[in-house]
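In my numbering, the protein residues as written are 8 to 156.
Just so you know, these hints were derived from the structure itself, not from any lab.
Accuracy of the hints is not assured; some may be wrong.
[Claimed, not checked] Derived BS3-like pairs: lysine-lysine, alpha-carbon spacing no greater than 27 Å straight-line: (1) K57 / K45; (2) K28 / K105; (3) K105 / K45; (4) K94 / K105; (5) K57 / K28.
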Amino acid sequence: MSAKWYIAAGVGLLFLASCIKPPEYSEVPYLEFSEINKTSFVEYDPDSLKLTIYFEDGDGDIGGAEIDSLNMFFEDSRVPGYFVPFKIPFVELQGNHKAISGYIHVTRGISQCINPVAVDTFHYNIQIRDRAGNYSNIIRTPDLLLNCD
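Construct the entire structure; sequences and hints are all you get.
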């Protein structure tokens, strides 16, 4: 085969690669529950709850640059309306495309028993806020069992 054919094939592949469209996501962040390490704990258990959450964001403005930028919120079902804030690290955009997706890994301790029962059952509702102030959908963990004896 001639060198012209190889050059034409290379240019064709380059053209084809440049035509691949980036994903199109909403500018409002989207969350999906992905994984949890366990659902049963003992009060004051030194073991932590570890969650994996899938996210998508059309304008890529996830995470805060400021040290005090709290942008992930956990609501304990036993205390409706009370949110414990966390910080998602700043996500640096790479390339020309703003749309991003990925996984957020969260590790947090388990709180104490609130209800006077042998086993306290609860779940967390989780939501994030991007830098533009858009709040994501709310996701729910599976029920967590906290042995209070």
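How the hints compare with the structure:
no.: 1; hint: K57 / K45; in the structure: 8 Å, holds
no.: 2; hint: K28 / K105; in the structure: 12 Å, holds
no.: 3; hint: K105 / K45; in the structure: 34 Å, violated
no.: 4; hint: K94 / K105; in the structure: 21 Å, holds
no.: 5; hint: K57 / K28; in the structure: 34 Å, violated
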